[in-house]
Amino acid sequence: MAHAIKFHPGMSLLEQFAEGCLSADVALAVAAHIDLCPHCQQLHNDITADLASQVLLQPVKADNTDWNAMLSNIVANTDMSQQDKPQAERPQQLIEVSQRQFELPRALRRLGANHGKWLHLGGIATAKLPTGNDHHVSLLYISKDTEVPQHTHLGLEMTLVLAGKIVDENGEYHAGDLLINSPDDTHTPRTMADEDCLCLSVLSAPLHFKKGLTRLLNPLQQFFY
Amino acid sequence: MLKLATASRHDRGHYSLADTSEPMTGTTTTAQPWDEALTFVALKRDQQAYADLFNYFVPRLRAFGMKMFGNEQQALEMVQDTMLNVWKKAALFDASRGCASTWIFTIARNVRFDMLRKKQSRKDDISADDLWLNGEYPEPAADDAAAQWDNQLLTEKLAPHFNQLPPAQREVMEKVYLQEKTHQEVADELAIPLGTVKSRIRLALDRLREALDGARN
Numbered sequence: 005m006a007h008a009i010k011f012h013p014g015m016s017l018l019e020q021f022a023e024g025c026l027s028a029d030v031a032l033a034v035a036a037h038i039d040l041c042p043h044c045q046q047l048h049n050d051i052t053a054d055l056a057s058q059v060l061l062q063p064v065k066a067d068n069t070d071w072n073a074m075l076s077n078i079v080a081n082t083d084m085s086q087q088d089k090p091q092a093e094r095p096q097q098l099i100e101v102s103q104r105q106f107e108l109p110r111a112l113r114r115l116g117a118n119h120g121k122w123l124h125l126g127g128i129a130t131a132k133l134p135t136g137n138d139h140h141v142s143l144l145y146i147s148k149d150t151e152v153p154q155h156t157h158l159g160l161e162m163t164l165v166l167a168g169k170i171v172d173e174n175g176e177y178h179a180g181d182l183l184i185n186s187p188d189d190t191h192t193p194r195t196m197a198d199e200d201c202l203c204l205s206v207l208s209a210p211l212h213f214k215k216g217l218t219r220l221l222n223p224l225q226q227f228f229y
Numbered sequence: 002m003l004k005l006a007t008a009s010r011h012d013r014g015h016y017s018l019a020d021t022s023e024p025m026t027g028t029t030t031t032a033q034p035w036d037e038a039l040t041f042v043a044l045k046r047d048q049q050a051y052a053d054l055f056n057y058f059v060p061r062l063r064a065f066g067m068k069m070f071g072n073e074q075q076a077l078e079m080v081q082d083t084m085l086n087v088w089k090k091a092a093l094f095d096a097s098r099g100c101a102s103t104w105i106f107t108i109a110r111n112v113r114f115d116m117l118r119k120k121q122s123r124k125d126d127i128s129a130d131d132l133w134l135n136g137e138y139p140e141p142a143a144d145d146a147a148a149q150w151d152n153q154l155l156t157e158k159l160a161p162h163f164n165q166l167p168p169a170q171r172e173v174m175e176k177v178y179l180q181e182k183t184h185q186e187v188a189d190e191l192a193i194p195l196g197t198v199k200s201r202i203r204l205a206l207d208r209l210r211e212a213l214d215g216a217r218n
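These protein sequence lines are chains V and A, in that order.
For the first sequence, this note's numbering gives the first residue as 5, with consecutive numbering after it.
For the second sequence, this note's numbering gives the first residue as 2, with consecutive numbering after it.
Since the hints were made in silico from the structure, they are not lab data.
Which chain A residues face chain V? A few, computed with CB under 8 Å, are given here:
| id | residue |
| --- | --- |
| 1 | Q48 |
| 2 | Y51 |
| 3 | A52 |
| 4 | F55 |
| 5 | V59 |
| 6 | P60 |
| 7 | R61 |
| 8 | A64 |
| 9 | F65 |
| 10 | Q81 |
| 11 | M84 |
| 12 | S102 |
| 13 | I105 |
| 14 | R113 |
| 15 | L132 |
| 16 | Y138 |
All C-beta atoms, glycine included, are put in the ideal place defined by N, C-alpha and C.
Bound conformation, chain A alone (with noise of 0.2 Å):
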């Protein structure tokens, strides 16, 4: 589990959310000083706020750059237009989607994209924009009632397929999908990494998908 020993840091003084008395604890508050720092830029454009921003991810996007390009020079192109967006964009961050280190990322990772192709000098290309959305993914149509009753018929049919799961995938999706929770807190909970999490599932859904296609045959 991460721990942000310098984020609990900052200083209160300059920006500080009327309800901040709430004892941090556990896993839920992992990056949530970032997302309130970045939401003071975004709403009062607070240098102070932006300072510690920078000065905590400035080193980290510095090493993800030398890692990605291999030489300074580039790395820290990317590390500027990324932290220049950061600023620019900070309105565009919605802390209900995400934390602000997963914006930060993106933001990181099409930047060094398009320096990629650019570099090719091409004008008509496919751009970062094209492959990631900024944004979110419009909610499939759930309140139509007519998906409402083939999802209940479905999930009748899954139901014995469910059961017959392996019981280490059954655990993991009884958690993520009757319990709602996050593949992360699902690894807490059990102990186990969170690719294994994440692959459980996939193995699952991929039974049960064949088990419904073979019954449908």
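Next up, chain V with everything else stripped away, as it sits in the complex (with noise of 0.2 Å):
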């Protein structure tokens, strides 16, 4: 049986998702959580019929626009060429990375298709997802049995895991489960001997690591980042 996806996103953060509120980069982390998890998307479609009810369904103050010139302008408008193709059948294209093959998401799906070079450092691969600058969005890539070094947040780390199981110092974290970090959190995520792992990250500042030589990585944590 499927595991059963144990980290979700709040409740606050599914609502400002569903009114498109959320910054770009985050609302992709939540949306592929959202595609893989059966219980997100009810609670999201509930969530959207309620602010949609909310916004478009009550009393308004009456005010005098005239909107006849737009109406006759959209009528007029014969051309119904533009329709759009069904977003499920975009094709899915598998992610190779360390002669493994994965298949993302919907949410990821043309953005993953453009990912840059993996750069590889140990047993992790990191690629970057073209996306805006606020965040860095990548794909991150834990070959089995190795240790992502202690390290802390200068910002907001977000991690969904896209495939197989990595644990750290709070839990077991499978397909689906998001995975959020604040600056205060430190903590050493590792893949088991049996396992890799393929994640998504979106982080919003550099991570800082924290322990005895891996110090020295603190030039690279641009890697990450």
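Can you join these two chains into the complex? Each is in its own frame, and there are hints to help.
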């Protein structure tokens, strides 16, 4: 049986997502989680219907704008060629890294098809997704039995497990689990001997490595960011 | 509960489904007149039906746009783009998946999201189309025999924990999961806010998940 997803975005995050008010990069991680999580699909549908009725089914103050020009402009438009292709049929391109292949959730397919070059460091590989510059969005691949050096976050770190399994001091995370770490959290994520892991990583600031020699990695923090 | 006083005042002469004689009752008819109008736009490019939709939704979309953008020009651009999409893409509306107001809201939200991104003039960037599925997620393969077996095992394990939920949570869970009522119906029935229904479900699910994990370890 598929492992039940345990780590979900909170209600307010889902609400802001449904309203379209999250920054695009954070929204992308939430969207990909929703693709993987039937529970949040249901919640998101409900929240959207709620918002819609709040916004569009309440009485509104009458104003005296004349809308007739806009109306006749629109109905004069007879070119109906602009039909959307069903997104579900968006071709699935497998992501290949370290001789492994992965499927991406729907939300990441278009961007994932244009990911940057894989950069390797030890058992870890990272590739940027072509998104805006407020956060840094990348795919993060961690080979079996590999530890990501202990680090804190100068900003917000969101990690969505896309495949495989990763563990840290606080628990075990499987495909679909969404972890959000704030600047106060320190953790040492690692993979187990039997399973590697592909994640989506959204960072609002570089990581900061904490311990012993790994502090030498700090000049390399751009690697993760 | 929402009541649409204006919704029942459509001029039925222009577009009316064969069976409209059924009296409007209670909660179930809340937004159906708009679903019907939108379906007429989709099937017949019915201009009267579109004008009714337009006159009802445009002032509300404008208010939403003003709230989100804080300026008239962008609000109007959003209204115009949204309503143009409603006219052009009406055929994509599927009343079985949700009501017209929700469909129109998601179009407005997406238009607004893409307007904001475009302003920052990035070419290859996250778009509304990446974020929101334009349609429905496929049903999980529940007819699979193995999945059903798993499901039954899970149900058996779940039952004792279900009974230990706090009464308020259990009541909501029973209505939603056993009687298959919508969240809104449960809210109406118990006279509690929709948000409370959702948070009780959320809490109950978390509790059940915890209980199951505890039993497993």
